[in-house]
Amino acid sequence: ISGSSSIASMKKVVQQLQLEAGLNSVKVSQTAADLKQFCLQNAQHDPLLTGVSSSTNPFRPQKVCSFL
Amino acid sequence: MCDQTFLVNVFGSCDKCFKQRALRPVFKKSQQLSYCSTCAEIMATEALHENETLASLKSEAESLKGKLEEERAKLHDVELHQVAERVEALGQFVMKTRRTLKGHGNKVLCMDWCKDKRRIVSSSQDGKVIVWDSFTTNKEHAVTMPCTWVMACAYAPSGCAIACGGLDNKCSVYPLTFDKNENMAAKKKSVAMHTNYLSACSFTNSDMQILTASGDGTCALWDVESGQLLQSFHGHGADVLCLDLAPSETGNTFVSGGCDKKAMVWDMRSGQCVQAFETHESDINSVRYYPSGDAFASGSDDATCRLYDLRADREVAIYSKESIIFGASSVDFSLSGRLLFAGYNDYTINVWDVLKGSRVSILFGHENRVSTLRVSPDGTAFCSGSWDHTLRVREMVFSFPVCERREEG
Numbered sequence: 001i002s003g004s005s006s007i008a009s010m011k012k013v014v015q016q017l018q019l020e021a022g023l024n025s026v027k028v029s030q031t032a033a034d035l036k037q038f039c040l041q042n043a044q045h046d047p048l049l050t051g052v053s054s055s056t057n058p059f060r061p062q063k064v065c066s067f068l
Numbered sequence: 001m002c003d004q005t006f007l008v009n010v011f012g013s014c015d016k017c018f019k020q021r022a023l024r025p026v027f028k029k030s031q032q033l034s035y036c037s038t039c040a041e042i043m044a045t046e047a048l049h050e051n052e053t054l055a056s057l058k059s060e061a062e063s064l065k066g067k068l069e070e071e072r073a074k075l076h077d078v079e080l081h082q083v084a085e086r087v088e089a090l091g092q093f094v095m096k097t098r099r100t101l102k103g104h105g106n107k108v109l110c111m112d113w114c115k116d117k118r119r120i121v122s123s124s125q126d127g128k129v130i131v132w133d134s135f136t137t138n139k140e141h142a143v144t145m146p147c148t149w150v151m152a153c154a155y156a157p158s159g160c161a162i163a164c165g166g167l168d169n170k171c172s173v174y175p176l177t178f179d180k181n182e183n184m185a186a187k188k189k190s191v192a193m194h195t196n197y198l199s200a201c202s203f204t205n206s207d208m209q210i211l212t213a214s215g216d217g218t219c220a221l222w223d224v225e226s227g228q229l230l231q232s233f234h235g236h237g238a239d240v241l242c243l244d245l246a247p248s249e250t251g252n253t254f255v256s257g258g259c260d261k262k263a264m265v266w267d268m269r270s271g272q273c274v275q276a277f278e279t280h281e282s283d284i285n286s287v288r289y290y291p292s293g294d295a296f297a298s299g300s301d302d303a304t305c306r307l308y309d310l311r312a313d314r315e316v317a318i319y320s321k322e323s324i325i326f327g328a329s330s331v332d333f334s335l336s337g338r339l340l341f342a343g344y345n346d347y348t349i350n351v352w353d354v355l356k357g358s359r360v361s362i363l364f365g366h367e368n369r370v371s372t373l374r375v376s377p378d379g380t381a382f383c384s385g386s387w388d389h390t391l392r393v394r395e396m397v398f399s400f401p402v403c404e405r406r407e408e409g
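Quick note, the sequences are listed as chains A and H, same order.
Per my numbering, the first sequence starts with residue 1, numbered consecutively.
Per my numbering, the second sequence starts with residue 1, numbered consecutively.
I should point out that these hints are in silico values taken from the structure, not numbers from a laboratory.
Please note: incorrect hints may appear among the correct ones.
Simulated restraints, written as ranges between beta carbons of each label pair [unchecked claim]:
| id | chain 1 | residue 1 | chain 2 | residue 2 | range |
| --- | --- | --- | --- | --- | --- |
| 1 | H | 82 | A | 9 | 37 to 43 angstroms |
| 2 | A | 45 | H | 159 | 20 to 26 angstroms |
| 3 | H | 318 | A | 58 | 34 to 40 angstroms |
| 4 | H | 279 | A | 33 | 20 to 26 angstroms |
| 5 | A | 24 | H | 89 | 30 to 36 angstroms |
| 6 | A | 24 | H | 133 | 17 to 23 angstroms |
| 7 | A | 33 | H | 175 | 44 to 50 angstroms |
| 8 | A | 37 | H | 105 | 42 to 48 angstroms |
Straight-line distance between alpha carbons at most 30 angstroms, and here's what the computed DSSO-like set of lysine-lysine pairs gives [unchecked claim]:
| id | chain 1 | residue 1 | chain 2 | residue 2 |
| --- | --- | --- | --- | --- |
| 9 | A | 36 | H | 74 |
| 10 | A | 36 | H | 356 |
| 11 | H | 261 | H | 67 |
| 12 | A | 12 | H | 74 |
| 13 | H | 96 | H | 356 |
| 14 | A | 36 | H | 107 |
| 15 | A | 36 | H | 115 |
| 16 | H | 188 | H | 107 |
| 17 | A | 27 | H | 356 |
| 18 | H | 262 | A | 11 |
| 19 | A | 36 | H | 96 |
| 20 | H | 188 | H | 128 |
| 21 | H | 262 | H | 74 |
| 22 | H | 96 | H | 117 |
These stretches of chain A come out as covered by chain H in the derived footprint (C-beta under 8 angstroms, 3 or more residues) [as the list claims (entries may be wrong)]:
| id | stretch |
| --- | --- |
| 23 | 21-34 |
| 24 | 48-58 |
Here the structure is a predicted model, which means the values were calculated and not measured.
C-beta atoms are modelled at their ideal positions from N, C-alpha and C, and glycine is treated no differently.
Excised from the complex, chain A in its bound form (with noise of 0.2 angstroms):
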């Protein structure tokens, strides 16, 4: 005899995928291109991208202090 907790789990599945088919999804071409714009417009602050200059470098190599 099938429970009422099998119904019950069962009810919270047709729910969830109400909840996802109710999405107003959007096309990936336009999805796409708003990605590609997002890194195109940052590549220029992207220090991972086109490197950091050694002088502003916070991890520069260390370089060894000698008393002169």
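Dock chain H against the given chain A, drawing on the hints supplied.
Okay, now just chain H, sitting in the frame of chain A:
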């Protein structure tokens, strides 16, 4: 001996209607009850009705799933790399290790950057949690947890506290004090309580709330001061291994990944799952939002990393190669979202061109699995932690163009 069956008439109070009737044995969930014939008949028809309800619910679920697939397929009019065809190729990158942080006595399992872009907290299998100054490599704080396998650690937004947890099933917050006389462990505050190991934790945009993920299959939001559970998130069918909060501009959501191969996006206020993606073929070890908040990447034991677009509600890119057969344990984006850094169980870090889907660098150096990886808050460097007990901070040094050819393998 004659073959006769005797029908024993038990007379008594029906277990359902309590009327005095001739009773028959009935089985409900393997428990034996005694019903009168009327109630027994009603139960039989109810069972029939329940079966019909269950069957109709199942067919409704199937048709909804079919409809979802159809809608998703309609929106899939182009691939991401096609849209990025005209974008200039990146060439090959050379990244160098600038700092190696040594001091853990066992596998490094997790790390996080402080907002000051300089301090790092890391946790290890031996129970130690260390706070480092990555510029000088000095250890500023160290605390020993009462458990081994501290799988999760996080820096508070203020920089004044850290959170960590693991096999103790808890997430604890330690205020960071610079008073030499103060014992860090004495000020420990237990915040989260799960019924299985803590796999990930993150402060929200303040020191007041913590989001946790656990091997018990749930995520939870906690108030740090009172330890009160504010919201719990149920839906994963197995251990939750990772989570990431959406960038603050995009609102109150977070994404989680688990051993059920699912990545789920949650509304923090309602506790509701708003989107779910199930395209990976194995455990999802790491999830990270794209900097704009409109997508997220995942790394999995199936040796691939994938990009999921939240507005198109589908996977839009797979980062893989035939030669990569070990799981990806940890992923993070560079500031512009153009690069995806992924640490693997084959000791390497692969750097992917997010738009074109090609690999721009493979980084060696660690002598065991890369378990954790994060780009610094200002994007100048990234740090990787490994089972080889060390953490490495790396930067981009230069890139050189390569002639465009189809890569094999």
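Cross-check of the supplied hints:
{"no.": "1", "hint": "H:82 <-> A:9: 37 to 43 angstroms", "result": "41 angstroms, holds"}
{"no.": "2", "hint": "A:45 <-> H:159: 20 to 26 angstroms", "result": "23 angstroms, holds"}
{"no.": "3", "hint": "H:318 <-> A:58: 34 to 40 angstroms", "result": "35 angstroms, holds"}
{"no.": "4", "hint": "H:279 <-> A:33: 20 to 26 angstroms", "result": "22 angstroms, holds"}
{"no.": "5", "hint": "A:24 <-> H:89: 30 to 36 angstroms", "result": "35 angstroms, holds"}
{"no.": "6", "hint": "A:24 <-> H:133: 17 to 23 angstroms", "result": "48 angstroms, violated"}
{"no.": "7", "hint": "A:33 <-> H:175: 44 to 50 angstroms", "result": "46 angstroms, holds"}
{"no.": "8", "hint": "A:37 <-> H:105: 42 to 48 angstroms", "result": "47 angstroms, holds"}
{"no.": "9", "hint": "A:36 <-> H:74", "result": "21 angstroms, holds"}
{"no.": "10", "hint": "A:36 <-> H:356", "result": "10 angstroms, holds"}
{"no.": "11", "hint": "H:261 <-> H:67", "result": "22 angstroms, holds"}
{"no.": "12", "hint": "A:12 <-> H:74", "result": "26 angstroms, holds"}
{"no.": "13", "hint": "H:96 <-> H:356", "result": "24 angstroms, holds"}
{"no.": "14", "hint": "A:36 <-> H:107", "result": "37 angstroms, violated"}
{"no.": "15", "hint": "A:36 <-> H:115", "result": "27 angstroms, holds"}
{"no.": "16", "hint": "H:188 <-> H:107", "result": "23 angstroms, holds"}
{"no.": "17", "hint": "A:27 <-> H:356", "result": "19 angstroms, holds"}
{"no.": "18", "hint": "H:262 <-> A:11", "result": "20 angstroms, holds"}
{"no.": "19", "hint": "A:36 <-> H:96", "result": "27 angstroms, holds"}
{"no.": "20", "hint": "H:188 <-> H:128", "result": "14 angstroms, holds"}
{"no.": "21", "hint": "H:262 <-> H:74", "result": "22 angstroms, holds"}
{"no.": "22", "hint": "H:96 <-> H:117", "result": "18 angstroms, holds"}
{"no.": "23", "hint": "21-34", "result": "holds (count 12)"}
{"no.": "24", "hint": "48-58", "result": "holds (count 7)"}
In summary, the structure is inconsistent with hints 6 and 14 from the numbered list given earlier, while agreeing with the others.
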